[in-house]
Amino acid sequence: MKSLVASFETESNLSEALPRLRDLGEIETYTPKALENEYPPSILPLVVLVAGFLGFGVGFGMQAYADAVGYPVDIGGRPEFSWPAFVPIAFEIGVLSAVATGFLGYLLVNRLPHLHDPVDEALLMRGATGDRWCVAIRTETPERAQDLLRALSAEQVEELPA
Amino acid sequence: MRAIEPVVLPGSNNPDMTDHVTGLALRDKAFVWWWIAVAPVAGLTAVLIGSVLYLFYAGVGIWGIDWPVAWGFAIINYVWWIAIASGGTFISALFFLTRSEWRSSINRIAESMTLFGAACAGIYPILHLGRPWFFYWLFPYPNSMGLWPQFRSPLLWDFFAILTYISSSVMFWYLGLLPDLATMRDRAVTRTKQIAYGCLALGFRGTSKQWRHFHSLYAVLAAIMAPLVCSVHSVVGLDFAGGATVGWHSTMFPPFFIFGAFLSGFATVLLLVIPLRRLLRLERYMTTRHIDVLTKLLLTSSLFVGYAYIMDGFSTYYGGQKAEIVNYHEKIFGYYAGIFWATVLFNVLLPQLFWFRTVRLNPLVVSLIAIGVIVGMWCERFTIVVVALHRPPLPSSYGLYHATIWDWLTMMGTVGFFVFGILLIVRFIPVISMFEMREILAPRRP
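Here the protein sequences come in this chain order: P and D. Note that my numbering has the first sequence beginning at 1, numbered continuously upward. Note that my numbering has the second sequence beginning at 1001, numbered continuously upward.
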């Protein structure tokens, strides 16, 4: 198994090359902005939604319990279960759980922090967060990959030390 | 008449922008102006620390608060700062949802303003507690006395709102920074910087999976942040409206406070964008188009605020309550009337100059009006807090309020801390959201 990194000068060059590179082995793209093809939808919005409602429910329940059961205090004869007053805090707890779940969920689905990866050894990767469109290929046939990449107008190709 | 420039100047492209923006943050030596600016504000930050330490030692008696005005500078400044902070979220979240192209280049500055504005705001309620070391009593933690906080009080809602707002703003800011931190890591030349930015970037490399989840999550968080900021400022308004205090007990307060947040937020962004685009040579990406949009938004929000001022008078007379009318007359003709009229002048009358394009395109005049708005918003908070409290319903309880030197030092200290924070961001963090700019810039050099 050999790893190659190739850089392309434009997004369209990379996008056009991708379908033909997939036969070579495992590939991963590294790009300065998202590629404009159809991605499968992310799970995170759903997770965030569920976390938000859960946070709201738990927050509301906590207040209802505290004011009606745990520590009832008569304030000007108002009902102990004065639910409209519980809405703001329940909302804030819901938002906090949604945002925190989204943030931590993002780290989790991407397995971050992931400070070092073998692909970082390629010098070409330095451009992948700036203005170059990179692809890394793990393949059994590096020579074939090299030829194909050049035919597909890759700007530079770098072979990673095994 | 000068034409308004496009959102980026013609000929701008991604490689130049990336070089320029990363170059600013990766410079070995800071600009001379940076040191000149940082020296006084670092001094003021030290003043803040000193006055807070003395406050903890001596207690709130060092401030001007007393009966009947028990809410003084601490609450005025708290509301003032949280409004400034909220403006940043409006730009970064609300105008993300509207897909406004002008947002991309000033988004980072706006969000950083939110962070430090919220930090300045967040310390005041704790300082304002007579016994600040018991601030954790606000939190519903299990305790041996079986006590719970009073969930029916807007003051407790405020604690949760601010806690949520600060934590969410930090996470939203940091998430939006990850791709740019990765660029910094890959551009850094010294080992220290590579390690520092590398750790901060958490291993973001722009893989297809990272981008896919990033874009979905960022949009969802923006859609959450926009209502959150409205809720936070409404709750701040309810801190006042929830009490049966003359001058505060009004259903108008939540939206009124949100209007004020818009106004002071846009003014502060203008005050940061105008000098920074020149000092950092960013005129190419922050064009007169940005100034034009922000001044128009400032004008719009000043009309909202003006409407609220008129409704304040209208509902007072229409309601016909004696104590409310006395309080209102005191506000417009009494001891503190000058501060009320300064509010009207700075927040409503002067921004009307923005109807003229020549004014909108003159950076000096725009800055002066924006400074006026910041001052005007502070005066508004002073009027709300002090004037309402100094004329309670019982004439025997009338009183006056004067701030002490410690009030002023703490306030100036937070101003210094805010600018200090912004300067640190300008020095070490890309001031423009580079990955978002790539959506609107040419990919290659011509």
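Misleading hints may appear alongside valid ones.
[What the hints assert, rightly or not] Simulated restraints, written as ranges between beta carbons of each label pair: (1) D:Tyr1136 x P:Phe53: 25 to 35 Å; (2) P:Gly76 x D:Ile1310: 43 to 53 Å; (3) D:Tyr1307 x P:Gly61: 56 to 66 Å; (4) P:Pro40 x D:Ala1196: 44 to 54 Å; (5) D:Ala1196 x P:Pro72: 49 to 59 Å; (6) P:Phe53 x D:Phe1314: 19 to 29 Å.
Just so you know, these hints were derived from the structure itself, not from any lab. Ideal Cβ positions, reconstructed from N, Cα and C, are used throughout, including at glycine.
Outcome of the hint check:
Taking the beta carbon of each, Tyr1136 of chain D and Phe53 of chain P are about 28 Å apart, inside 25 to 35 Å as hinted. Here the CB-CB span from Gly76 of chain P to Ile1310 of chain D is close to 33 Å, at odds with the stated 43 to 53 Å. Taking 56 to 66 Å as the suggested C-beta distance range, the pair Tyr1307 of chain D and Gly61 of chain P does not conform, at roughly 39 Å. At roughly 35 Å, the beta carbons of Pro40 of chain P and Ala1196 of chain D sit outside the given window of 44 to 54 Å.
The hint said 49 to 59 Å for the Cβ distance between Ala1196 of chain D and Pro72 of chain P, and at roughly 53 Å that hint holds. Checked against the given bound of 19 to 29 Å, the beta carbons of Phe53 of chain P and Phe1314 of chain D, roughly 40 Å apart, lie outside it.
Violated hints for the displayed structure, listed by number in ascending order: 2, 3, 4 and 6.
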